[in-house]
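*Asks:* Letter by letter, the chains look like this.
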Amino acid sequence: MPHALFKKLSEAVLKMDEEAAVELSRKVLDEGLDAYSAIIEGLAEGMSQAGTLYDGGEYYVPELLLCADALYAGLDILRPHIKTGEAKFRGKVVIGVVEGDVHDIGKNLVKTMFEAEGWEVYDLGKDVKVERFSQEQQRVGACVVALSALMTTSMLAMPKIIESVKSADPGAIVLVGGAPLSPEIAAGYGADGYADTAKNAVVTARNLLSASNS
Amino acid sequence: MQFKKDEMTSEERLTALFAGRPVDRVPFHGLATGFNAINVGYRIADFYRDAEMGVRAATWTIAQYNWEKMPHIFLGPLGAPEFGGSIRWPSGEYAQAPQIERHPVQSEEDAMKLEMPDIRTAGFIPILRDFAKHSIDAGHPYCLIATDELFLCVANLCSIDILCKWVIKKPDLVHRLMRIATDFKLAISAHLAEEIGTDRLIPWLGEPTTENRLISPKTFEEFVLPYTDEYHEKLIEMGYRIVATHICGEQNANYPLWSKIRMGEPGIISVSQEVDLEDAIRYFPNDVIMGNLTPALIQSGTPNDVYEAARVCIEKGKKATGGFILAPGCEMPPKAPPYNVWMIMKAIDDFGWYV
Chain A
18 MPHALFKKLS EAVLKMDEEA AVELSRKVLD EGLDAYSAII EGLAEGMSQA
68 GTLYDGGEYY VPELLLCADA LYAGLDILRP HIKTGEAKFR GKVVIGVVEG
118 DVHDIGKNLV KTMFEAEGWE VYDLGKDVKV ERFSQEQQRV GACVVALSAL
168 MTTSMLAMPK IIESVKSADP GAIVLVGGAP LSPEIAAGYG ADGYADTAKN
218 AVVTARNLLS ASNS
Chain B
402 MQFKKDEMTS EERLTALFAG RPVDRVPFHG LATGFNAINV GYRIADFYRD
452 AEMGVRAATW TIAQYNWEKM PHIFLGPLGA PEFGGSIRWP SGEYAQAPQI
502 ERHPVQSEED AMKLEMPDIR TAGFIPILRD FAKHSIDAGH PYCLIATDEL
552 FLCVANLCSI DILCKWVIKK PDLVHRLMRI ATDFKLAISA HLAEEIGTDR
602 LIPWLGEPTT ENRLISPKTF EEFVLPYTDE YHEKLIEMGY RIVATHICGE
652 QNANYPLWSK IRMGEPGIIS VSQEVDLEDA IRYFPNDVIM GNLTPALIQS
702 GTPNDVYEAA RVCIEKGKKA TGGFILAPGC EMPPKAPPYN VWMIMKAIDD
752 FGWYV
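Here the protein sequences come in this chain order: A and B. At position 174 of the first sequence the residue is numbered 191 (this note's numbering), and the sequence of numbers has no breaks. At position 84 of the second sequence the residue is numbered 485 (this note's numbering), and the sequence of numbers has no breaks.
Hints in this document: simulated from the structure, not taken from any laboratory. Just so you know, even glycine gets a beta-carbon here, dropped at the ideal spot from N, CA and C. Any given hint could turn out to be false.
[As the list claims (entries may be wrong)] Cross-link-like lysine to any residue pairs, in silico, SDA-like; alpha carbons within 25 Å at most: (1) K736/B <-> E148/A; (2) K571/B <-> E36/A; (3) K570/B <-> D86/A; (4) K143/A <-> S560/B.
[Unchecked claim] Here are the computed distance ranges between Cβ atoms for each label pair: (5) E716/B <-> D93/A: 54 to 60 Å; (6) S508/B <-> E137/A: 28 to 34 Å; (7) F404/B <-> Q66/A: 52 to 58 Å; (8) D72/A <-> R444/B: 53 to 59 Å.
Bound-form chain A, shown alone (with noise of 0.2 Å):
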């Protein structure tokens, strides 16, 4: 059973209360309670809830906003007192909008989702050169690259990105999404996965990662 606190930390960011999320957060620590536990358990727990609301067409993306901001307010105060060795990364991810796409709502949203799932996530912005993932995914050591264009052009530029990051490393594994982009599209680009929402992002990753470790 999670600790009350951390549920009403969950149902804070679920209501996208943000003073509610700081002030709980300042009483985990007031308490001595643990700061990680309090993450994943009370602030990630309430994110992945709305991304269910989300998915299930109760939540749009103004409340997944607030519910964002209200994580992220917690995050600020409990971060820092995660004890050193505690904190076990899911992975670290490498996102970004391609080259010629400057609409990031989506790729913020599915970096929100990693962030409170326990991924490590490098965020490279948008309108990011072909050749930038690739270098980042390189530099960290990521295990997923998430790719994402809202443009019948920008998408273009997917599987030139996807084939440099998979000649650097062929076991990245490389996601995409977006608004013009489709599964068999997906396929034909050689990406490993395609999610339609960043809750799905954050469900495929994991999934893809599980299997190619197995």
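Given chain A, work out where chain B should sit, using these hints.
*Replies:* Chain B only, in chain A's frame:
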């Protein structure tokens, strides 16, 4: 290969369609902007920056593919440069259209200080006006000018992220910005009516930011519906008879609300690929339905995939009680394979005849 000979000119076909009279075959509109530029050897930016080049590229492409003579321009960031933000023109291998570099509204204070720009000279407005003039001078019977997306205009002013948060946190401020956007677009439409006339000009509203992957139908009902309804009503009062509305993206849950808005006489309802044409016809039985080939399929599908998708659209669209125009569900991909585009026209020749 020769297609069957048209029995109507494009002008006759469009005029008949908009008057509710029979036409010889299904018309096609390319919803092409950057595609026109690349097709004739220009850069994409040339289409948007230079109205004369833009109309020339559209005219040549329309003639090449036998599309309907109704050039179209859509400057997505409209609102940002006119109110003091900045944009960048498309350049490089992957950019598709002008994009916003800096939004004019970064804070609540900025939103309160917004002032109406000079409608004759600000930002993109001279380009829109010149595109319409050149289009008419080139002999096109109609021209689609994207003047009037409202929620998108507010997103252009303050960014979609801030807009989404303000929808919940500061609804009064969003109403204020919607008011400004509506007045701004009405002023542009009045200016174009005065300079160009309303006979051949069709205002085009494209609302990608109201899609249900972003906002709820409830948000649409509160913030978009009343202003769009008012806007359309005033457009018709100004003398615009036909109004085109591109319901962009996944908006199935918004369709009942869109159908409450006065759409023109007739309206043109441009349907995205996420919505079934039969549903769109049901909601808009008196309007011209336009759509809804998947742009990514035109870009990445095989010629046979595209031909088959066009056949399905044509067979559904021919049942539209208010008339039908085959078109992509959103902008024609600028780098669409020409053979795929030709296959769309072949599908019209094979399945699109009414007589």
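*Asks:* Compare the structure with each hint and give your call.
*Replies:* Taking the hints in turn, this is what the structure says about them:
1. K736/B <-> E148/A: 22 Å, holds
2. K571/B <-> E36/A: 17 Å, holds
3. K570/B <-> D86/A: 12 Å, holds
4. K143/A <-> S560/B: Holds, at roughly 15 Å.
5. E716/B <-> D93/A: 54 to 60 Å: With a Cβ separation near 56 Å, E716/B and D93/A satisfy 54 to 60 Å, so the hint holds.
6. S508/B <-> E137/A: 28 to 34 Å: Between S508/B and E137/A, where Cβ atoms are some 32 Å apart, the hint holds.
7. F404/B <-> Q66/A: 52 to 58 Å: This hint holds: roughly 56 Å between Cβ atoms.
8. D72/A <-> R444/B: 53 to 59 Å: Because 41 Å falls outside the window, the suggested range is violated.
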